[in-house]
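Chain order of the listed sequences is A and B.
FYI, in this note's numbering the residues of the first sequence are 1 to 409.
FYI, in this note's numbering the residues of the second sequence are 410 to 818.
Do not take every clue at face value.
[Stated by the list, open to error] Calculated pairs, PhoX-like style, for lysine-lysine (alpha carbon to alpha carbon, straight line, at most 20 Å):
1. LYS784/B - LYS144/A
2. LYS375/A - LYS746/B
3. LYS240/A - LYS300/A
4. LYS118/A - LYS784/B
5. LYS240/A - LYS227/A
6. LYS118/A - LYS699/B
7. LYS649/B - LYS290/A
8. LYS118/A - LYS696/B
9. LYS527/B - LYS489/B
10. LYS375/A - LYS290/A
11. LYS527/B - LYS375/A
12. LYS337/A - LYS527/B
13. LYS649/B - LYS709/B
14. LYS709/B - LYS287/A
15. LYS227/A - LYS245/A
What the hints contain is simulated information worked out from the structure, not anything from laboratory work.
Number of protein chains: 2
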Amino acid sequence: MTEFFTLLPPAEALQRLLERLPGTLPPESVPTAAALGRVLAAGIDSPADLPAFPRSSMDGYAVRARDTFGATPSLPTYLKVAGEIRMGSVPAISLQPAHATLIHTGGMLPENADAVVKVENTQPSRENEIEILKAAAVGENVLKVGEDVTRGTEILPSGLRLRPQDLGALMALGITHIEVARRPSVALIATGDEVMPPEAATGPGQVRDINSYTLSGLVASVGGLPKRYGIVPDDLASLKNTAEKALRECDVLAISAGSSASVRDITEQVLHSLGAPGVLLHGVAIKPGKPTILAVANGKPAFGLPGNPVSAMVIARILLLPTLHFLQGALALDATKVSAHLTRNVASAAGREDHVPVRILHRDGETLAEPVFGKSNLIFTLVRSDGSVTVPLNSNGLSQGEIVDVRLY
Amino acid sequence: MTEFFTLLPPAEALQRLLERLPGTLPPESVPTAAALGRVLAAGIDSPADLPAFPRSSMDGYAVRARDTFGATPSLPTYLKVAGEIRMGSVPAISLQPAHATLIHTGGMLPENADAVVKVENTQPSRENEIEILKAAAVGENVLKVGEDVTRGTEILPSGLRLRPQDLGALMALGITHIEVARRPSVALIATGDEVMPPEAATGPGQVRDINSYTLSGLVASVGGLPKRYGIVPDDLASLKNTAEKALRECDVLAISAGSSASVRDITEQVLHSLGAPGVLLHGVAIKPGKPTILAVANGKPAFGLPGNPVSAMVIARILLLPTLHFLQGALALDATKVSAHLTRNVASAAGREDHVPVRILHRDGETLAEPVFGKSNLIFTLVRSDGSVTVPLNSNGLSQGEIVDVRLY
Chain A
1 MTEFFTLLPP AEALQRLLER LPGTLPPESV PTAAALGRVL AAGIDSPADL PAFPRSSMDG
61 YAVRARDTFG ATPSLPTYLK VAGEIRMGSV PAISLQPAHA TLIHTGGMLP ENADAVVKVE
121 NTQPSRENEI EILKAAAVGE NVLKVGEDVT RGTEILPSGL RLRPQDLGAL MALGITHIEV
181 ARRPSVALIA TGDEVMPPEA ATGPGQVRDI NSYTLSGLVA SVGGLPKRYG IVPDDLASLK
241 NTAEKALREC DVLAISAGSS ASVRDITEQV LHSLGAPGVL LHGVAIKPGK PTILAVANGK
301 PAFGLPGNPV SAMVIARILL LPTLHFLQGA LALDATKVSA HLTRNVASAA GREDHVPVRI
361 LHRDGETLAE PVFGKSNLIF TLVRSDGSVT VPLNSNGLSQ GEIVDVRLY
Chain B
410 MTEFFTLLPP AEALQRLLER LPGTLPPESV PTAAALGRVL AAGIDSPADL PAFPRSSMDG
470 YAVRARDTFG ATPSLPTYLK VAGEIRMGSV PAISLQPAHA TLIHTGGMLP ENADAVVKVE
530 NTQPSRENEI EILKAAAVGE NVLKVGEDVT RGTEILPSGL RLRPQDLGAL MALGITHIEV
590 ARRPSVALIA TGDEVMPPEA ATGPGQVRDI NSYTLSGLVA SVGGLPKRYG IVPDDLASLK
650 NTAEKALREC DVLAISAGSS ASVRDITEQV LHSLGAPGVL LHGVAIKPGK PTILAVANGK
710 PAFGLPGNPV SAMVIARILL LPTLHFLQGA LALDATKVSA HLTRNVASAA GREDHVPVRI
770 LHRDGETLAE PVFGKSNLIF TLVRSDGSVT VPLNSNGLSQ GEIVDVRLY
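Work the whole structure out from these sequences, hints included.
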């Protein structure tokens with residue numbers, strides 16, 4: 001496969017593209033409650049200590065630890081009960097020596113108290129008195145001020161894609177609006193005279209548009225906004241018109257080229273005509289997906305993706321999605337990977353990176369990766385698989401039984 | 410920790426809940442293009458063969474294989490060129506013996522053609538003639554009718570949560586609308602006199618609502634529709650009113666109880682009052698999250714989740730999210746897990762299942778799981794972690810260096 005040796009490996013091709021982009025999209029302010037999956041545009045420092053006051057982590061009695069010294073079940077210490085701490089309010093009392101106050105989980109410790117004795121380690125005694133059955137150390141069962149996070153600490157880094165717990169942490173600190181990267185809009189154009197919309201009754205020779213929908217799903221999965229521009233006939237003027245409009249309206253353009261050579265040529269011409277610097281490269285050392293075109297026009301990335309549905313998805317995962325992460329300023333995230341034993345040999349050729357779809361199986365406590373062989377024209381190759389295994393550029397293949405990383409779809 | 414021995418393990422508690430539910434929610438029809446992440450309500454059989462006609466998988470010449478027999482670079486076979494197959498149309502010609510037709514990738518084979526010779530294995534000869542430099546076998550470079558999928562085959566099973574490739578496959582077959590499970594709506598109520606809305610300026614003794622937001626994010630992540638009913642004061646009548654309204658309007662109810670014992674009691678009373686059979690169990694053999702309440706009221710599941718933010722999220726992942734999968738009829742999905750070496754010992758106690766938050770590190774080519782120790786009151790314990798490790802019910806802990814499964818958040 002010497003045809004691959006003059007082509008850049010996927011990682012270098014991506015690098016070549018990203019270094020021609022002006023950077024991340026401008027941020028926007030959104031309510032924290034609606035920010036799941038969005039990417040933080042700037043690191044956030046805690047505006048306060050959390051907890052902001054000493055809290056009990058148990059139901060029990062707030063005490064001065066030194067008053068409980070030496071207490072055991074056989075030789076309890078007796079303390080006067082001075083009322084009860086109401087949830088959500090500042091304790092009205094200041095704890096006197098040899099006194100205790102009933103307190104609930106999450107309640108604020110009264111002045112002078114420095115520990116909480118769990119209710120299980122106490123016993124009612126005479127009225128307004130309890131027996132302490134176990135000595136408490138200073139700070140026991142108490143959440144200290146700033147124990148969760150201290151004021152001024154960076155709590156969330158710039159570029160973090162927000163998870164449910166991050167939203168909770170922001171809310172805990174009263175941060176109800178945040179600056180996040182704008183969601184990149186991605187224009188999707190399908191081409192090819194043989195390609196028909198899914199709702200069409202197709203005749204012999206015609207196929208339905210797959211790529212506009214698989215790519216929409218992928219784009220949405222990383223926070224992008226897919227916008228479909230339909231199917232454009234196999235002619236230069238039509239494609240140029242639609243592509244120009246699409247790139248004006250969106251942040252990213254992806255043309256899924258029809259499968260014939262003539263459409264690929266037209267796609268390259270159009271991508272080159274949209275603005276400087278134009279096409280950066282045509283062809284990547286990857287299988288499937290070799291006939292990929294990468295371009296930048298006036299600061300916006302533009303992709304010529306292969307028409308074959310499997311190739312289009314592989315290239316979108318390898319090159320388009322990282323570009324969308326980049327535009328959002330998202331921290332580089334390792335794709336979720338699972339280790340598995342390969343169930344059979346996979347041949348490859350040095351000089352290209354192979355992406356082999358696999359199905360994950362669990363057998364006798366082992367995780368197995370079973371290659372799903374199928375031509376890259378066949379969408380059901382992907383439907384039958386759970387992820388893919390990468391055969392590196394300089395490898396001649398992988399062996400049965402080898403432990404491989406499966407990148408999950 | 411003998412307190413755990415009378416409690417059900419989480420898996421059995423979940424089973425106890427699910428077997429009291431009437432089943433999956435009724436399906437609804439949605440456009441396939443908008444069905445990413447939705448769950449198929451019924452298996453789908455292919456209405457047609459795909460491809461529906463024999464297609465070329467290469468740019469080249471459609472031939473009768475037998476006409477190329479014996480062709481080599483030194484002794485090529487000469488074939489007359491009979492026109493070109495236009496993309497998207499039925500070939501007008503029927504291939505005559507010793508003839509070839511120019512064909513593009515994805516083009517339909519003409520009548521009598523049974524193979525395609527790649528353009529690289531041909532060479533122009535006299536006008537309207539080519540040299541075939543390599544013999545083609547029958548079917549070579551041809552996608553056969555039904556090679557991707559055959560008519561009548563089940564292509565996608567009931568309960569599948571739709572991925573981008575599944576949408577593409579449906580579109581390829583012209584299936585533009587599908588029946589999916591209705592998205593379960595989940596009413597979220599926070600309780601506790603100490604709990605304030607995130608936008609409030611809190612005073613000493615008060616904390617902001619975290620759980621309504623972390624739980625909203627989790628619910629949305631599995632296709633549920635979170636609906637927040639705000640913060641209800643710590644009193645029976647108020648909580649009962651809000652819970653009744655919430656359960657009327659939604660498919661699932663989750664009350665995140667304030668942390669004090671009195672609110673937990675009120676929560677249990679309210680959950681028991683909503684309808685038959687009422688509370689199924691109070692307390693689960695899990696840490697964190699022991700004071701969990703599971704109830705069913707008139708066929709709808711209702712949860713009393715712990716007030717501590719870490720506990721609330723752990724229990725939501727272990728019990729609430731599987732319930733939402735169940736209501737959608739989703740195929741049981743293994744959570745995404747990663748194998749990693751534990752960086753230090755983790756103690757546990759037999760009789761309870763421990764869920765220990767961990768951070769994933771990559772060092773010297775090894776994946777490491779570093780326990781993030783922190784009280785379950787502290788939301789930043791989760792912010793600092795990437796997933797959790799489960800210490801099984803009957804284990805006394807895990808050892809440093811042990812290989813563990815990390816369930817990713």
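For each hint, the structure was consulted:
1. LYS784/B - LYS144/A: Answer holds: LYS784/B to LYS144/A is near 11 Å, not above 20 Å.
2. LYS375/A - LYS746/B: 29 Å, violated
3. LYS240/A - LYS300/A: With Cα atoms ~16 Å apart, LYS240/A and LYS300/A stay inside 20 Å; holds.
4. LYS118/A - LYS784/B: Given that 20 Å is the threshold and the Cα spacing comes to 16 Å, the pair holds.
5. LYS240/A - LYS227/A: 17 Å, holds
6. LYS118/A - LYS699/B: 16 Å, holds
7. LYS649/B - LYS290/A: 63 Å, violated
8. LYS118/A - LYS696/B: 18 Å, holds
9. LYS527/B - LYS489/B: This hinted pair holds, its Cα atoms lying about 16 Å apart.
10. LYS375/A - LYS290/A: Holds: LYS375/A and LYS290/A sit about 14 Å apart, inside 20 Å.
11. LYS527/B - LYS375/A: Holds, at about 16 Å.
12. LYS337/A - LYS527/B: Between LYS337/A and LYS527/B the Cα gap is close to 37 Å, so the pair fails against 20 Å, i.e. violated.
13. LYS649/B - LYS709/B: It holds: about 16 Å lies between the C-alpha atoms, which stays within 20 Å.
14. LYS709/B - LYS287/A: Violated - the C-alpha atoms of LYS287/A and LYS709/B are around 50 Å apart, more than 20 Å.
15. LYS227/A - LYS245/A: Satisfied, since the Cα-Cα distance of roughly 12 Å is no more than 20 Å.
Comparing the model with each numbered hint stated earlier shows that hints 2, 7, 12 and 14 do not hold.
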